[in-house]
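Q: Please build the complete structure, drawing on both the sequences and the hints.
First to last, the sequence lines map onto chains A and B. Taking full-length UniProt numbering, the leading residue of the first sequence gets 1, the next gets one more, and so forth. Taking full-length UniProt numbering, the leading residue of the second sequence gets 1, the next gets one more, and so forth.
By construction, these hints were calculated from the structure, which means they are not laboratory data. Warning: the hint list may mix true and false statements.
A short, non-exhaustive set of chain B residues, derived as facing chain A with CB atoms under 7 Å [as the list claims (entries may be wrong)]:
(1) M83
(2) N84
(3) S253
(4) K400
Coverage of chain B stretches by chain A, computed from C-beta distances (three or more under 8 Å per stretch; other residues unrestricted) [what the hints assert, rightly or not]:
(5) 104-116
(6) 389-397
Label-pair restraints from in silico Cβ distances [what the hints assert, rightly or not]:
(7) T74(B) <-> V142(A): 26 to 34 Å
(8) D278(B) <-> V238(A): 52 to 60 Å
(9) K409(B) <-> V314(A): 23 to 31 Å
(10) P193(B) <-> V173(A): 21 to 29 Å
Where is the CB? At the ideal position from N, CA and C, for every residue including glycine.
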Amino acid sequence: MAAPPTAGPAAAPQVPQKHRRTDRSSGRPRRRRGPRRLLSFWPQYVAVSPFFLLFLTFLFFPMIYSLYLAFQRWDGIGEMSYVGLEQFRFLLDDPTFWLALRNTLVIWVFSTFPMLFMALVLATMLNSTRRLTSFYRVAYFVPNVTSVVAVSIFFFSAFSDRYGVVNAVLQAVNVPSVPWLNNEWTIKAVIAMLMTWQWTGYNMVIYLAGLQAIPSDVYEAAKLDGAGPVRTFFSITVPMMRPIILFTVIISTVNGLQSFTEPQVLFGSNAANNPNSGGPGQAGLTTLLYFYHQAFDNNNFGYAAAIVWAFFLVILLFVAINWRLVQGRRKG
Amino acid sequence: MDVSRRRFVQTALLVAAGAGVTAACGGSDSSSGTKDGKDLTLWYWGGGLSDKVVADAKKQFTDVTLKSSIIGGTFKQKLLTTMNGRSFVPDITGIKGEDIASFLPNASRFIDLNTLGADKIASEYLDWKLKQGQTQDGKQIGFPIDIGPTAMYYREDMFAKAGLPTDPAKVAAEISTWEDYFAIGAEIQKAYPKAFLLNNMTAVFDMSLGQGGMRMIDENNKFIGDQDHVRKCWDLAVQLYESGADAKINDESLKAAVANGTVATQLGAAWMALDVKDMAPDTAGKWRVAPLPGGPSNMGGSFLALPKECRNPEVAFEIVKWLLSPENQGRGFQDAALFPSSPAAYKLPALTEGDPFFGGQKTIEVFGPAAEKVPAFYEAPANAAVAVPFYNELTSIESKGKKPDDAWKDAVEQAKQIGKQQGVS
Chain A
1 MAAPPTAGPA
11 AAPQVPQKHR
21 RTDRSSGRPR
31 RRRGPRRLLS
41 FWPQYVAVSP
51 FFLLFLTFLF
61 FPMIYSLYLA
71 FQRWDGIGEM
81 SYVGLEQFRF
91 LLDDPTFWLA
101 LRNTLVIWVF
111 STFPMLFMAL
121 VLATMLNSTR
131 RLTSFYRVAY
141 FVPNVTSVVA
151 VSIFFFSAFS
161 DRYGVVNAVL
171 QAVNVPSVPW
181 LNNEWTIKAV
191 IAMLMTWQWT
201 GYNMVIYLAG
211 LQAIPSDVYE
221 AAKLDGAGPV
231 RTFFSITVPM
241 MRPIILFTVI
251 ISTVNGLQSF
261 TEPQVLFGSN
271 AANNPNSGGP
281 GQAGLTTLLY
291 FYHQAFDNNN
301 FGYAAAIVWA
311 FFLVILLFVA
321 INWRLVQGRR
331 KG
Chain B
1 MDVSRRRFVQ
11 TALLVAAGAG
21 VTAACGGSDS
31 SSGTKDGKDL
41 TLWYWGGGLS
51 DKVVADAKKQ
61 FTDVTLKSSI
71 IGGTFKQKLL
81 TTMNGRSFVP
91 DITGIKGEDI
101 ASFLPNASRF
111 IDLNTLGADK
121 IASEYLDWKL
131 KQGQTQDGKQ
141 IGFPIDIGPT
151 AMYYREDMFA
161 KAGLPTDPAK
171 VAAEISTWED
181 YFAIGAEIQK
191 AYPKAFLLNN
201 MTAVFDMSLG
211 QGGMRMIDEN
221 NKFIGDQDHV
231 RKCWDLAVQL
241 YESGADAKIN
251 DESLKAAVAN
261 GTVATQLGAA
271 WMALDVKDMA
281 PDTAGKWRVA
291 PLPGGPSNMG
301 GSFLALPKEC
311 RNPEVAFEIV
321 KWLLSPENQG
331 RGFQDAALFP
341 SSPAAYKLPA
351 LTEGDPFFGG
361 QKTIEVFGPA
371 AEKVPAFYEA
381 PANAAVAVPF
391 YNELTSIESK
401 GKKPDDAWKD
411 AVEQAKQIGK
421 QQGVS
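A: Put into structure tokens, the structure is as follows:
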């Protein structure tokens with residue numbers, strides 16, 4: 001934890017120094033105010049501009065444009081017509097939107113909490129491992145860099161109702177097979193499992209970094225006092241890690257609410273006449289999948305934009321709740 | 001520092017000027033220019049046209065350079081984006097059958113092919129298919145590549161063991177209505193307790209809806225999805241479900257079901273032959289094709305269209321005509337299983353050959369007459385979106401055991417709402 005602050009001050013003075021030198025050579029007054037002072041930094045601005053230009057073109061402009069679209073009716077190539085708040089008004093009465101929102105939240109709960117708990121347990125175990133640590137770290141992180149599409153296809157065949165390996169195993173131990181991809185709850189569970197599989201390693205690595213910052217004498221003291229591993233985990237590790245846990249909760253919330261690829265691949269190709277339906281009973285229809293369906297299957301771009309902006313407000317609400325939790329804990 | 005600054009400005013100006021020149025070149029290339037361009041681009045998707053026929057077209061038309069691109073992924077989306085940008089728009093493009101209706105409201109962005117002489121060769125092509133590519137005021141936007149006449153695929157060996165007729169002609173005579181069809185479900189399940197008649201309810205709903213001329217929305221943009229012609233098809237689907245002969249398969253496990261004889265029949269278009277062969281190569285010789293119970297319908301089949309930006313409409317339409325001539329459609333059938341939209345092609349050897357996968361049956365004897373008897377239909381731009389709740393509710397019946405009457409009510413209610421959102425009255 002001590003390393004970054006020392007690097008900061010050491011690097012910082014160099015820039016003004018160099019700048020003062022150029023000022024002297026050109027014989028201009030040292031102190032400047034306002035826009036001229038800004039202009040004199042132009043090489044630095046040029047150097048950072050590629051990111052901002054790309055950001056403006058490919059992220060900021062589309063974002064603002066989608067807000068504009070949310071007040072229009074537009075099929076993608078024809079004339080746009082301004083409809084005011086009509087899209088949002090329709091959104092409120094659209095049962096499919098609320099269903100999609102509910103699906104998204106259920107999948108998020110199913111995935112985030114088991115995932116973070118498992119990640120913390122794994123990180124604790126890995127932190128006390130002496131051998132093959134790099135191997136374990138890499139092994140747990142690999143799912144995160146694997147293609148979601150490939151993994152979704154694998155999950156699809158593994159959980160296939162009649163011929164999947166999961167049901168084959170269940171039947172082998174005399175448990176009746178489960179219609180994984182046909183029941184509204186198991187569909188959500190499969191999507192959540194997929195996300196858990198993919199993101200546990202990522203969170204584990206973050207926890208591991210946090211764990212290594214906990215001084216070992218705290219653990220030694222606990223050991224001397226006779227605390228077992230479970231007691232140590234809940235009384236020392238979890239409280240000491242609280243800020244990091246809250247960080248991962250926020251990151252996982254933003255990621256988890258945006259689930260799209262998983263249901264899209266699992267249920268996207270069912271039929272040409274009903275694409276991206278989210279599977280039987282629309283149980284896997286997440287908000288973003290519904291947005292995609294409206295925009296790119298129905299060419300209903302105005303309505304799709306309204307969906308994502310409404311969803312943006314929901315995510316904002318979640319982030320605000322998280323934020324309050326963080327602030328509240330800090331004060332306490 | 002100062003020198004490099006000046007040089008930087010110079011370079012920047014040069015780059016900007018260069019970009020301007022390039023843009024100017026681009027401008028002269030596009031629609032504002034003359035209509036006798038020498039470069040033509042053709043967009044289609046993998047399997048959308050026969051690659052061999054396209055390659056021959058490049059040799060055939062020597063006064064222009066034809067460049068073809070196979071566009072992967074979501075074709076409609078890429079075409080829409082490009083047309084919206086109004087640059088690098090293909091001169092000739094494919095449009096999928098399920099997307100054509102959504103392009104028709106923007107007919108002004110395409111060339112009316114009748115102005116190039118499409119109406120003169122229209123008689124060689126199926127009328128109902130041409131109509132699908134037409135606007136309501138008769139502008140021909142899409143020229144048909146292929147069609148999807150439907151039929152019943154059945155396992156001859158399973159029919160034999162169940163004591164049913166096995167010869168396609170006899171099957172056609174004895175299983176001509178939906179009632180006849182549902183009746184054989186019980187016979188098959190008596191002989192094969194673990195087998196089913198059909199994969200799901202959606203197949204029945206889809207096929208029977210296609211047997212009539214009306215869909216979810218009529219020509220006056222009015223919602224008619226709650227009317228008898230839809231309800232009748234819904235009830236047929238429910239009849240399958242309630243007979244217990246519905247396999248309730250709504251996912252990729254269909255592949256295994258077709259391969260291991262879980263389903264005795266499949267209802268689908270001519271191109272489904274390819275799927276069945278692909279899913280169940282070991283069942284070669286055991287399948288046959290018979291007319292669809294209740295009459296023929298159509299499922300899919302794409303179009304070629306010329307966007308307004310086309311740089312040489314005259315030649316481009318000549319190329320379209322050549323690509324889709326009856327002879328080349330015959331080659332398209334052989335090469336890419338594209339069922340010809342021109343009945344003249346049905347007499348070509350490529351189509352009249354017996355198919356060993358179907359025990360040497362000449363499947364054209366089923367598909368040919370079916371193709372010519374498909375009723376003309378009107379598909380509104382919002383039809384696909386409005387139909388979605390019906391499909392969703394049918395799968396809800398199968399996966400959740402939802403009561404069919406409740407499902408119908410919910411489907412109609414949601415369809416109305418989607419229609420309202422899409423401007424349907």
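Q: Decide, hint by hint, whether the structure agrees.
A: We went through each hint and held it up to the structure:
no.	hint	verdict
1	M83	holds (5 Å)
2	N84	holds (5 Å)
3	S253	holds (5 Å)
4	K400	holds (5 Å)
5	104-116	holds (count 3)
6	389-397	holds (count 4)
7	T74(B) <-> V142(A): 26 to 34 Å	holds (30 Å)
8	D278(B) <-> V238(A): 52 to 60 Å	holds (53 Å)
9	K409(B) <-> V314(A): 23 to 31 Å	holds (29 Å)
10	P193(B) <-> V173(A): 21 to 29 Å	holds (25 Å)
In summary, this structure violates none of the numbered hints.
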